[in-house]
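Undergrad: Let the hints inform the model, and build the full structure from the sequences given.
Chains as they are written, first to last, in the numbering used here: chain A, 1 to 115; chain B, 1001 to 1292.
Hints listed in this document are in silico derivations from the structure and should not be mistaken for laboratory results. Quick reminder that beta carbons are idealized off the backbone N, C-alpha and C, glycines included. Please note that a few of the clues may not be correct.
Straight-line alpha carbon distances no greater than 20 Å define the calculated SDA-like cross-link-like pairs of lysine to any residue that follow [claimed, not checked]: (1) B/Lys1203 x B/Gly1192; (2) B/Lys1276 x A/Asn96; (3) B/Lys1047 x B/Gly1008; (4) B/Lys1203 x A/Ala54; (5) B/Lys1279 x A/Ala54; (6) A/Lys105 x A/Glu92; (7) B/Lys1047 x B/Met1021; (8) B/Lys1276 x A/Lys105; (9) A/Lys106 x A/Ala54; (10) B/Lys1279 x A/Ala95; (11) B/Lys1279 x A/Lys106; (12) A/Lys105 x B/Val1269; (13) B/Lys1276 x A/Phe68; (14) B/Lys1279 x A/Asn96; (15) A/Lys105 x B/Gly1008; (16) B/Lys1276 x A/Gly94; (17) B/Lys1276 x B/Gly1192; (18) B/Lys1047 x B/Ser1080; (19) B/Lys1047 x B/Arg1094; (20) B/Lys1279 x A/Gly60; (21) B/Lys1276 x A/Gly98.
Computed, partial: chain A to chain B, Cβ under 8 Å [said to hold, decoys possible]: (22) Val45; (23) Ala54; (24) Gln63; (25) Ile64; (26) Val67; (27) Arg82; (28) Gln99; (29) Glu103; (30) Phe114.
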Amino acid sequence: MLKNQLQHLFSLEGVRMAIVIDPEGRVADEMGASNIRGEQLAAVVSFVMAESRAMATRLGQEQISMVFVEFRELALISVPLRNGYFLVVITEIGANIGQVSYEMKKHQDIISSFL
Amino acid sequence: MTGPLPTGFFVGEMQAPFRWMLIHAARFQGIIRVQTPDGEGHVLVLKGTPMGCSFRRGRDELRGEAAYRHILSFPVVDLSIYRYTGEEMDEATRILLESGSICTGRDMIPEPGPNRVDTLPAVTARAVEGPPLTAPGAAVSHPPAEKNLPSRDMAGESTEFSAEEAPVVLPSGLNLEDLAYLLLGRILRLPGVQAVSIFGRGKSVLSFGNVELDSLVVLAEDMLHAAKEISSVMRTGSFVHLTLQIPSGKVIVAPYFNEYLCILTSPGVNLGQIRKILKEIPDMADDGRGTS
Chain A
1 MLKNQLQHLF
11 SLEGVRMAIV
21 IDPEGRVADE
31 MGASNIRGEQ
41 LAAVVSFVMA
51 ESRAMATRLG
61 QEQISMVFVE
71 FRELALISVP
81 LRNGYFLVVI
91 TEIGANIGQV
101 SYEMKKHQDI
111 ISSFL
Chain B
1001 MTGPLPTGFF
1011 VGEMQAPFRW
1021 MLIHAARFQG
1031 IIRVQTPDGE
1041 GHVLVLKGTP
1051 MGCSFRRGRD
1061 ELRGEAAYRH
1071 ILSFPVVDLS
1081 IYRYTGEEMD
1091 EATRILLESG
1101 SICTGRDMIP
1111 EPGPNRVDTL
1121 PAVTARAVEG
1131 PPLTAPGAAV
1141 SHPPAEKNLP
1151 SRDMAGESTE
1161 FSAEEAPVVL
1171 PSGLNLEDLA
1181 YLLLGRILRL
1191 PGVQAVSIFG
1201 RGKSVLSFGN
1211 VELDSLVVLA
1221 EDMLHAAKEI
1231 SSVMRTGSFV
1241 HLTLQIPSGK
1251 VIVAPYFNEY
1261 LCILTSPGVN
1271 LGQIRKILKE
1281 IPDMADDGRG
1291 TS
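TA: Here it is as structure tokens:
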């Protein structure tokens, strides 16, 4: 189940939220911090992904592999899924970003299979 | 070139902007041998201050300030560092003096000590053509040249990032433009980095590399604005950087004082090395960035 996959990502140390966003910028499923407004976050993150896609296209690439945005207090990692969906994980600063992104990529296909 | 200088004790080799090297040589005395694409030379250094300099460029030999200015004109140079004893220092000074290679201009010598700072307005910097030549002891004033590093206060932005619009204070001997050259040179030297640019308001202010970035900075700025929107829905703290990873490489966007850096890399680049340099930017700014 999709929830189980998100639960796995959420269980990684330093992860505050794992969320799957649909092509229209709405939450398909989420797991994590209740103080983060998933719908609003989905809308702005889909905006980031759209701009990132524009950059990738300009560079002659049809796909993006990952978008990583770091702030002073948290980081956001986003990877594309099937059919325009994407998976976003929000971590605390100090989380093992290498491990989190590895797990995201590892579960990318499995999560896509539920969409 | 200048006559045979004392060999000294070999300390090490590195690639770095020469001015950066001096900043980190506050307790060093010795000779720094310099290699550039067009020749080689050496600089006698005493506690972070260039005392004498000579440089051979083909058949030409530059001496003193001319040689030093030529070395500073390269963003990054190859350096071999040799420490001198007091006696070796005296001997080298005598040799350089006899050959007319002593640096005498006060303006070319950075003040010793890392704590002294010069205040510069956020968008004003001296021209980068190097310190002006002066007759020994002559006092020269440097009218600040308007530099086209635009400030976003003029764009009327009101995000939390506007808090960065404080007067920038830099370590002595550096201005914003020097710093930009040093930083871009360091980044460009990293394996896998293809191009690097400083941009603001959709325009590239300064860029280096073998890929033309001017047309990309508009898109980089769009990504940046989208990423900043995340702060409107959750508490994030200030923006640190954005990395877009695509099969053919990476695009990294990060703040640079009142502007932004855009770095284009191949897939195999060591992001850690880039992030290490990026982390030094706030450090450099925090050292003296005023809040008034």
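Undergrad: Give a verdict on every hint.
TA: Cross-check of the supplied hints:
Among the hinted pairs, lysine 1203 of chain B with glycine 1192 of chain B is inconsistent with the structure: their alpha-carbon atoms are about 24 Å apart, more than 20 Å. Distance hint between lysine 1276 of chain B and asparagine 96 of chain A is fulfilled; the C-alpha atoms sit about 16 Å from each other, no more than 20 Å. Between lysine 1047 of chain B and glycine 1008 of chain B the alpha-carbon distance is near 16 Å, which keeps this suggested pair within the 20 Å criterion. For a cut-off of 20 Å, the pair hint linking lysine 1203 of chain B to alanine 54 of chain A stands: about 18 Å separates their Cα positions.
For the suggested pair lysine 1279 of chain B and alanine 54 of chain A, the alpha carbons sit about 27 Å apart, so the restraint of at most 20 Å is broken. Of the pairs offered as hints, the one joining lysine 105 of chain A and glutamate 92 of chain A holds, with about 19 Å between alpha carbons and a cut-off of 20 Å not exceeded. Pair hint lysine 1047 of chain B plus methionine 1021 of chain B holds up; C-alpha atoms about 11 Å apart against a cutoff of 20 Å. At roughly 25 Å between alpha-carbon atoms, lysine 1276 of chain B and lysine 105 of chain A are farther apart than 20 Å, so this suggested pair is violated.
Of the pairs offered as hints, the one joining lysine 106 of chain A and alanine 54 of chain A is violated, with about 25 Å between alpha carbons and a cut-off of 20 Å exceeded. The hinted pair formed by lysine 1279 of chain B and alanine 95 of chain A meets the criterion: a straight-line CA distance of about 17 Å does not exceed 20 Å. The suggested pairing of lysine 1279 of chain B with lysine 106 of chain A is violated, with an alpha-carbon distance near 29 Å, which exceeds 20 Å. Only pairs whose Cα atoms come within 20 Å are accepted, and lysine 105 of chain A paired with valine 1269 of chain B is accepted, the gap being roughly 19 Å.
For the proposed pair lysine 1276 of chain B and phenylalanine 68 of chain A, the alpha carbon gap of about 16 Å is at most 20 Å, so the pair holds. With a CA separation close to 18 Å, the supplied pair lysine 1279 of chain B and asparagine 96 of chain A stays within the 20 Å bound. Pair hint lysine 105 of chain A plus glycine 1008 of chain B does not hold up; C-alpha atoms about 53 Å apart against a cutoff of 20 Å. Restraint check: the Cα-Cα separation between lysine 1276 of chain B and glycine 94 of chain A comes to about 15 Å, which is no more than 20 Å; the hinted pair holds.
Straight-line distance between C-alpha atoms of lysine 1276 of chain B and glycine 1192 of chain B comes to about 15 Å, which keeps the hinted pair within the 20 Å bound. Simply put, lysine 1047 of chain B and serine 1080 of chain B have alpha-carbon atoms about 17 Å apart, close enough for the 20 Å limit, and the pair holds. At roughly 18 Å between alpha-carbon atoms, lysine 1047 of chain B and arginine 1094 of chain B fall within 20 Å of each other, so this suggested pair holds. A threshold of 20 Å between alpha carbons decides the hint, and for lysine 1279 of chain B with glycine 60 of chain A the separation of about 30 Å lies outside it, so the pair is violated.
Among the hinted pairs, lysine 1276 of chain B with glycine 98 of chain A is consistent with the structure: their alpha-carbon atoms are about 16 Å apart, no more than 20 Å. Using the Cβ-Cβ criterion of 8 Å, the hint placing valine 45 of chain A at the interface with chain B is satisfied: the shortest such distance is roughly 7 Å. Proximity of alanine 54 of chain A to chain B holds as hinted, the smallest CB-CB distance being about 6 Å (cut-off 8 Å). Nearest Cβ of chain B to the Cβ of glutamine 63 of chain A: about 7 Å, under the 8 Å cut. The hint holds.
Taking 8 Å as the C-beta contact cut-off toward chain B, the hint placing isoleucine 64 of chain A at the interface holds, the least distance being around 5 Å. With 8 Å as the threshold, the beta carbon of valine 67 of chain A comes within range of chain B, its nearest partner Cβ sitting at about 5 Å, so the hint holds. The beta carbon of arginine 82 of chain A comes no nearer than 17 Å to any beta carbon in chain B, farther than 8 Å, and the hint placing it at the interface is violated. Interface restraint check for glutamine 99 of chain A: the shortest CB-CB distance to chain B comes to about 15 Å, outside 8 Å, so the restraint is violated.
With its C-beta approaching chain B no nearer than about 16 Å, glutamate 103 of chain A sits outside the 8 Å limit, and its interface hint is violated. Because the smallest distance between the Cβ of phenylalanine 114 of chain A and any Cβ of chain B comes to about 24 Å, over 8 Å, the interface hint for this residue is violated.
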